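Enquirer: Chain A is already provided as a structure; the job is to place chains B, C and D with the ligands on it using the hints.
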Amino acid sequence: MSSVDATGLAHHFEDLEQQREAATLGMWAFLVTEIMFFGGLFGAYVVYRTMYPEAWDNASNQLDVFLGAVNTTVLIGSSLTMALAVRCAAKGNNKQVAGFTFLTLLLGLVFLGVKVIEYKHKWDHHLMPGPHFELNGVVGGHEQIFFALYFAMTGMHAFHMIIGAGLMLWVIIKALRNDYTPQNHTHVEMIGLYWHFVDIVWIFLFPLLYLLGKHGHDIAGAATGGH
Amino acid sequence: MSSNHPHITPLKTYFAVFATLIVGTWLTYWVAYKDFGWLNTPVAMAIAIVKAGVVVLYFMHVKWQSKLTMMFAAGGFIWLFTLFAFTLQDYWTRDWMPIYK
Amino acid sequence: MSSTVATPAAEPRTNYLNVDYGWKSWVFSTDHKRIAIMYLITIAFMILVGGSFAILVRLELATPAGDLLQSETYNKIFTMHGVVMVFFFLIPGVPAVLGNFLVPIMIGAKDLAFPKINLLSYYVFLVGILLTLTAAAMGGIDTGWTFYTPYSSTYSNGQVALAAVAVFITGFSSILTGLNFVVTIHKMRAPGMTWFRMPLFIWAHYATSLIILLSTPVVAITIVLVALERLFHVGVFDPTYGGDPVLFQHMFWFYSHPAVYIMILPAMGVISELISAFSKKRVFGYPVVAFSSLAIAVIGFFVWGHHMFVTGQSTYAGVVFSVITMLVAVPSAIKVFNWVSTMYKGDVWMTTPMCFAIAFIGLFTVGGLTGIFLGTMGLDIHMHDTYFVVAHFHYVMVGGMVTAFWGGLHFWWPKMFGRMYPENMGRVSAAIIFIGFNMTFFPQFILGYMGMPRRYHFYPEEWQVLNLLSTAGATLLGIGYLLPMVYLPWSLKFGKVASKNPWGAKGLEWETDSPPTTFNFDKVPVVTEEAYAYPEGARHQPEAKVV
Amino acid sequence: MWKGIPLFPDSASTYSDAVDYFYLALVVISIFFTVLVAALVVVFAIRYRTRPGSAGAVQIHGSHGLEIFWTVVPLVIVMALFVWSTKIWFVVTRPPAHAEQYYVTGKQWMWKIQHPTGQREINTLHVPVGVPIQLRMISEDVIHSFFIPAFRVKRDVLPGRYSTMWFEATKAGTYHLFCAEYCGTKHSQMIGSVIVMEQADYELWLAGAAAGESPQAQGEKLFAASRCDTCHTGKPDARGPDFKGLWGKQVQLSDGSSVVFNEDYVRESILVPTAKTVAGFQQLMPTYAGQLGEDQILSLIAYLKSLSDPAQGGAKP
Ligand code: HEA
Ligand code: HEA
Ligand code: CUA
Ligand SMILES: [Cu+2]
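Chains as they are written, first to last, in this note's numbering: chain A, 19 to 245; chain B, 3 to 103; chain C, 28 to 574; chain D, 4 to 320.
Chain A with its partners taken away, still in its complex shape (with noise of 0.2 Å):
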């Protein structure tokens, strides 16, 4: 069995800095497993990009940009609070650990939220991909494969936070339980990784999806949403 010792060694590993390196080594390759599974979606959306670039800009024109960069930019902010979390995991300050992540925690439950509402929102507007799909008057047009796009790379960047949420919780348990030390907070560390990933993947996600076919629209309008 990995059975642990006090200062947190599994057994079949040779010391600390051992450990940590495979966790961090072994983190990162779980990344580029999770860049390889958006990417197949981002390779289906440039493809039919490149294939119908005008339902692209209409569909994308349906979107709530405002909505969209607000919530880039509370992804940012809890990107930040997650560094720090980890930063102070480094210095062994639990406490402060527990603070940032759950402010972290926080910010991602707000974007969360402003996501069922642009959900919700498509929804009323029978902007759901499938037979009821409609824009404009118009049914089956090849906007709907961006809608069915917009939903697979949203929903599964959502599901992500999620779990993300949920490791979150976690390390706040572990925090208050004063589990990190300046030796020993690799848990915290990889932790922020993925938090950092699931922020990149929506970098790309916001000018992908909300900006389309915006020129030669007003700005200003723009900032009351959509439709």
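Rather than coming from a laboratory, the hints here were simulated on the basis of the structure. None of these values were measured; they are calculated from a predicted model. Any given hint could turn out to be false.
[Claimed, not checked] Quick partial rundown of chain A residues pointing at chain C, CB under 10 Å, derived from the structure:
no. : residue
1   : A28
2   : A41
3   : A47
4   : Q162
5   : A166
[To be verified] Partial list, computed: chain A residues near chain B (C-beta under 10 Å):
no. : residue
6   : T42
7   : L49
8   : V50
9   : T90
10  : W188
11  : G210
We put the CB at the ideal spot given by N, CA and C, even for glycine.
Expert: Structure of chains B, C and D with the ligands alone, referenced to chain A:
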């Protein structure tokens, strides 16, 4: 990590990165309403890549990590690019063949 | 190396098998060796399931009229055959059983880097199997193992969504295993175990793990899209909404071509070990063989379009994929020639594993060369989706990977269980498998060139003779496969007790007990020599021939 | 030419012999390497077998020369094969300029075929010897694949996009026609035959078969019946564009890009008119999705195409 004492990044760096990200976000937003023709998307992507780059380097500490970690981080993106490139070479060359009289 | 003489100790030492008893000590075990054994049992069961489907396919095809099964049933059977064999036997076969057992031992580590994740990957795999079997029980799927849209997403009546979820979940199992291997090989090597002292088995697993990490996630998300499309008709691949069914094929083959190297690379690693051990020689051109694994892994990523030459891909894209397909054959050729040269002036001992290794070289060569037929576009127009393809991939997968699996299993059997298998039985079954295999699949090359399409329940009468021959061969092959499934378990109780190193082979795994202790070594080994450092004039010692 | 040998299917198209020669070359190369490898393995296994008093292994680390040799030789061989096969590939995929146009629609589980002269057939294709024939194919449901082993040609038939293949039969006879892409329950029964006839016999057959109207004529009728002509009047003030002389030309779109006026574009314009809007026009055209079947769309295409054909005089509504 190359040493058992983890790198502690100065707070200033973190806030600078944060500022870059925020500025980047609203810059993309603003730029999207300008008409650059086909350049709109490349510009937006360039900003996104810079943003992702600073997150990877500073927030995710890759700047201070072993070469191996850097290779893995870079490898993921490079591979993704090959997936795109080799898929698109199909779509972009489909109507080169003059089968339509 | 200490004594190699088999002395059944009065008081057996504690080893990973007898250290703990009771089912809990197995199902919650994080010991990589116990997990490997659990995989072995599961996979043995799956080959019986998949093999039974194969037998049904062959029985049906014994006559041109589809008189044994309904068309729909036939379609479900070959689909289940492909799905079970590929996802639940071939992909996990060597890595999750032999790799799991041997990777840590061969590099002198106590365990894989993440033992809990290793256990998790086993259970994820089990869930995948259960879901697949549920899907089969609830009506099955009839899409072919390739799940091509829009048939799978819109028209099929089968349990596509459930099967898709099952494949998705199984993908995670292999990702977790691959991740564990990559980190273990990078970070857990014993002192002195430099990259160029690693056995080629480890190189092969490293290359395989990279492919798993980079390709599996793409098929995972693709399968999610198919399931979404199936459940909610979202239109990603549906042509009525402007979706492109060919996009699915790109995304599917981006995984599934590299996946064929996931299947063959570990098998090639096994063959390198076998040939070296039984020729008492260092593998000829060791670094070249090591790098050829990486070359296959990397180049193998850019050939996927050779499955799509006639499916509506651009004519020019076909050219690009074809030329890279030609390139990927070269590192495989290099491997074959290096194996052959390793035997030159060796001290060759034709044990069962060596018989399998030699069968592998021959069958893989035929399978690989027919891959060239398919990779050249002018021919593939005619051969695509005919029995020529079926014969090609059974030669590489069954003649290649499965043969190597049997060879490796026999080779390391004494290490895994501390008992020898009955040698002569082993040689006989190797011979039966070799003959039965060729009889089953060689006629299919001819059928393919004659134009018999695959996945056909009915076929024109003029092709019955060859089909009958194939069915007869399959029966022989089935018997060949059943034999080890009987005598190997038998040997657990009645086989001769094995010494530490019954083959007199090099490698860290032969320096520890048979079976090894829980932490593999009493103290961390220090490596001072390169892999396969057999001395000049090395001979198989008569006393080592315990069999 | 391989008729006596049962290892080859009939060879009955202009390029089928070329494919066979290439195949034979590959077979020879494969036999060479397989025999070489097998012989070496067997000889080594016997010659160097372990036995009391055997010499023992001679440790050889490797040889740069040999490694280079067996890297370069296969490389040269496969590159040569690649070049050879790619030549065949372009012959088979590039239809000659004046091939006769046949239309094929695949659906679960049958082939519907229409001759340029209007005759319709199901699961059988009659063709004359010595005439290059191009098939334009589309599927109504899933992916199928049109496969004629005797001609050494196959091509997938996709839903939502036209694919094409061509052949010129060289020998009268009846040959297998298969669906080669798995398409569901009766995939193995989606078969038929290709009947190659001498030119004169073909004429006779055409005369005997229930001759329909030519696809263009059908398309022309449909153009009126579907009220396309209310907008596409061909007059300068028409609500929709004029099609005369447009075939194969670039069409300017309202967003500045352009697109080729071909089968796929016309089909898209009919089914999803919103997808691309022609420069200088309003997006007024209704969708015909669900109203026109693939066969009908093919007829409309044949008609629109004929409007650009000088031989047809560009008949206008
Ligand atoms: C273990 C699995 C495995 C392996 C290793 C391979 C290896 C190869 N495969 Fe195969 N293949 C499959 C499994 C595999 N394949 C499967 C499952 C399918 C069908 C999927 C489906 O549709 O269901 C398939 C289908 C398939 C196709 C598509 C056919 C079609 O559908 O139309 C093609 C086309 O290029 C192809 C090519 C190749 C090539 C070039 C290699 C090469 O890597 C082979 C290299 C090896 C050698 C060349 C032999 C050794 C060399 C020598 C002894 C030296 C002499 C060599 C030369 C002079 C060249 N394969
Ligand atoms: C690892 C992969 C693997 C393995 C090991 C096998 C093993 C076998 N396969 Fe197949 N096969 C595939 C992978 C594999 N296959 C794939 C991917 C497809 C494509 C599916 C698709 O089109 O979607 C396919 C398709 C396929 C077809 C084509 C079906 C069609 O297109 O219509 C055929 C036909 O002969 C076939 C036959 C066989 C046979 C006879 C064996 C034999 O080697 C099996 C021998 C094993 C046993 C027999 C089991 C042990 C014994 C018993 C269970 C006891 C009962 C037996 C007796 C009493 C004799 N397989
Ligand atoms: Cu149509 Cu198979
Ligand atoms: Cu392939």
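Enquirer: Looking back at the hints listed earlier, which ones does the structure fail to meet?
Expert: Result: hint 10 breaks, nothing else.
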